[in-house]
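Taking the hints as your guide, dock the two standalone chains into a single complex.
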Amino acid sequence: MGKDANLTCRLCGHEHRPVRLAPGERALCARCGTVMATEGRFGPDAALAFSITGLILALPAALLPFVIAGKLGDERVCRLFTGVGALWRNGMRALAVVVFVCGALLPVALLGAMALLQFPTRLKWRAPNIPFLPRAVHILEHWAFPEVQVLAVLVALMKLGDLVDITIGPGFWCYCAMAACLVLAQRSFDLELGDAAPVPSRTAAAP
Amino acid sequence: MNLRLSPVRFKSNSTAAALAVAAAVMLVPANLLPVLSTETSGYNRSDTIFSGTVELWRQGLWAIAAIVFTASICIPAVKLAGLGWLLLSVRNGGPRDSRRLTRTFAVLDFVGRWSMLDVFLAAFLTGLVQFGEISSVQARSGIVAFAAAVVLTVLATHAFDPRVLWPKPAKVSPNPCQP
Numbered sequence: 001m002g003k004d005a006n007l008t009c010r011l012c013g014h015e016h017r018p019v020r021l022a023p024g025e026r027a028l029c030a031r032c033g034t035v036m037a038t039e040g041r042f043g044p045d046a047a048l049a050f051s052i053t054g055l056i057l058a059l060p061a062a063l064l065p066f067v068i069a070g071k072l073g074d075e076r077v078c079r080l081f082t083g084v085g086a087l088w089r090n091g092m093r094a095l096a097v098v099v100f101v102c103g104a105l106l107p108v109a110l111l112g113a114m115a116l117l118q119f120p121t122r123l124k125w126r127a128p129n130i131p132f133l134p135r136a137v138h139i140l141e142h143w144a145f146p147e148v149q150v151l152a153v154l155v156a157l158m159k160l161g162d163l164v165d166i167t168i169g170p171g172f173w174c175y176c177a178m179a180a181c182l183v184l185a186q187r188s189f190d191l192e193l194g195d196a197a198p199v200p201s202r203t204a205a206a207p
Numbered sequence: 001m002n003l004r005l006s007p008v009r010f011k012s013n014s015t016a017a018a019l020a021v022a023a024a025v026m027l028v029p030a031n032l033l034p035v036l037s038t039e040t041s042g043y044n045r046s047d048t049i050f051s052g053t054v055e056l057w058r059q060g061l062w063a064i065a066a067i068v069f070t071a072s073i074c075i076p077a078v079k080l081a082g083l084g085w086l087l088l089s090v091r092n093g094g095p096r097d098s099r100r101l102t103r104t105f106a107v108l109d110f111v112g113r114w115s116m117l118d119v120f121l122a123a124f125l126t127g128l129v130q131f132g133e134i135s136s137v138q139a140r141s142g143i144v145a146f147a148a149a150v151v152l153t154v155l156a157t158h159a160f161d162p163r164v165l166w167p168k169p170a171k172v173s174p175n176p177c178q179p
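So the sequence lines, in the order shown, correspond to chains A and B.
Take 1 as the starting number for the first sequence in the working numbering and just add one per residue.
Take 1 as the starting number for the second sequence in the working numbering and just add one per residue.
Chain B extracted, bound-state conformation (with noise of 0.2 angstroms):
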């Protein structure tokens, strides 16, 4: 998408930290609390991400536990660690890769939406399979908690201005590249 952007308004690096942290934070509860729970025919089953991811890997549905391990485990980890860097690379100043490290934040950005999987998972489910005591999944803490880590991800990729990595705004250039 092509958009006309006003000025170079630097955004705020600090509020990007603080909601990376807060989400980082976030990422604790909902790793460690149930985000799923199955109760089939009264053998009832509760499932962290993990716990999920690696049962998906034991009934031999390898592709598929490695989307949600991806998604749900990998992203946000990776996300959080590209911030961490970007945010320190500004702040260390100094001589850097710009151009390297707007391409990470171009690749951070698109990759964010994608732990929402996990969020989205849960809701169809809870919707879809309720039979009563034969078969039902409820959701569960943990996944609020995910939830609540995927959005302040995602605020903090948007509180950063990738402008801040480049010494000054340059002048006008003279023809973009056409490959």
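The following block holds chain A by itself, in its conformation from the complex (with noise of 0.2 angstroms):
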């Protein structure tokens, strides 16, 4: 889609042509007043930024120990994938699937995903030819839950008080700087650069 395109508003449909924003600026929808494009603080090449950074740390956020447990002298050391693999075990295999889904394996294919879309532009290649990745996009983030799990972590890790010694691991850390990296990846990320050629002041959403 070229960069000249109109632009929908996601909510109510309402169509708009494309206006320059200043860093920091927003563009509302006319219509709804839906937050349509933010021209992000960090420059054109944020989200690429963001999104190669959370890629890197999902890897030694599924290896490191997550969080450590003792009990009476017993050591019990938990991962990412540690409560995916006793539900697993415990016969609640689709459970499992929609915690490591969701938890897991959405929030990497999304910074994945924006990655590809953002890669190519950035570095002035041909971008690919993946009509369906901005669509994908746009759904993985209804399914990407990292913060959502990094606040259920901190809440059992309060409702454990004195059940269990509990030391938080590298893992963790990891985890909640991978959640930090897509969501400010998805405030920074723009559609438009999928496969419009680089511009030197965005054009953002709307009319």
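Quick caveat, the hints were computed from the structure, so don't treat them as lab data.
Cβ atoms here follow ideal geometry from the backbone N, Cα and C, with glycine treated the same way.
Treat the hints with care, as some may be off.
[Claimed, not checked] Once the Cα atoms are required to be at most 25 angstroms apart in a straight line, the calculated SDA-like pairs of lysine to any residue come out as: (1) A/K71 / B/Q59; (2) A/K71 / B/S135; (3) A/K71 / B/E55.
[To be verified] Coverage of chain B stretches by chain A, computed from C-beta distances (three or more under 8 angstroms per stretch; other residues unrestricted): (4) 13-19; (5) 60-70; (6) 111-118; (7) 127-140; (8) 160-166.
Laid out in structure tokens, this is it:
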């Protein structure tokens, strides 16, 4: 889609012409008031940088210990997928799949999809012809919940209280950083760049 | 995130309604069946979502109890009520405050994901607290029903197209607002 094409509000369907936005400025739909575009404060490369950083952090988040629990000399190391494995072994396989998909697989897939859309444009390469990718990003963001998992772990640690001795591991911090990168990448991401030529000052959504 | 969408393509509101009803049905076992059982030194305790929240409150963890109550009880109920209101508004036709309804949909779309908190919580505790008879936590069937209800509410929100709240797609606007 060329950069001069009209943009449609995702909520009310109202079409707008493109406008230029200054850093930190937002474009709102003239009809329903939905935020249609935001010119990020971190510059045009921010989304790609956050996406790649998030992808890099995903590996230690998956491999390093999340939390180490101790009880009467016994110690148990919990990693990102330990809970998924426990649910799977308990016969709650559908639940294990939901937790794995929403908490680990889709956040990484979303970061990868955003990086894939931004990478060629930012490096002035030929953009890949993957027509479903922009819509895939839109769908993935409805199902990737890493920030909810971060809150759940914090609530769990508070809930455990004196039941067990808890030590937070580096895997949890990497996961938190990955979740933060995903949120920042989403806020900086502009699908318009997916197939447009690099532009010095981005044209923002709406009209 | 900015997204160019294809021309208005009305989704099926009957699908959204069916998914919302299914979610409401799943919320019944989700709230009646135990979601977690805890065994500590031979003492066994099973908690539903509500009793777990009350227990957190009794332990003095008020902030945590409020978070769990909001995420696991309030949000699913509010989301289903909001979806019902939107669907009824579309069905009844006539004049309506489309802007307000669209804002409502945006809020419902945003808050829905936080209901997954209890699901992640149960998965994490089940994986972490496994010390045999000394102390162990097990997920129970209620959490499966609750996860199904959350997934169904997300699907219902996704199936609902807020563009039907507006009379018809408008012509190209001169400019968007830039606050």
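Verification of the hints:
With a CA separation close to 21 angstroms, the supplied pair A/K71 and B/Q59 stays within the 25 angstroms bound. With a CA separation close to 8 angstroms, the supplied pair A/K71 and B/S135 stays within the 25 angstroms bound. Proposed proximity of A/K71 and B/E55 is supported: the alpha carbons are some 22 angstroms apart, at most 25 angstroms. Here the segment 13-19 of chain B counts 0 residues with a CB under 8 angstroms from a CB of chain A, which misses the bar of 3, and the coverage is violated.
Note: the segment 60-70 of chain B has 4 residues with beta-carbon separation from chain A under 8 angstroms; the three-residue rule is met and the coverage holds. Remark: the segment 111-118 of chain B is confirmed as covered by chain A, as 5 of its residues place a Cβ nearer than 8 angstroms to a Cβ of that chain, reaching the required three. Given a C-beta distance limit of less than 8 angstroms, the hint that chain A covers the segment 127-140 of chain B holds, as 9 residues qualify and 3 suffice. A count of 4 residues in the segment 160-166 of chain B with a Cβ less than 8 angstroms from any Cβ of chain A is obtained; the coverage claim is therefore met, three being the minimum.
In this structure, the one hint that does not hold is number 4.
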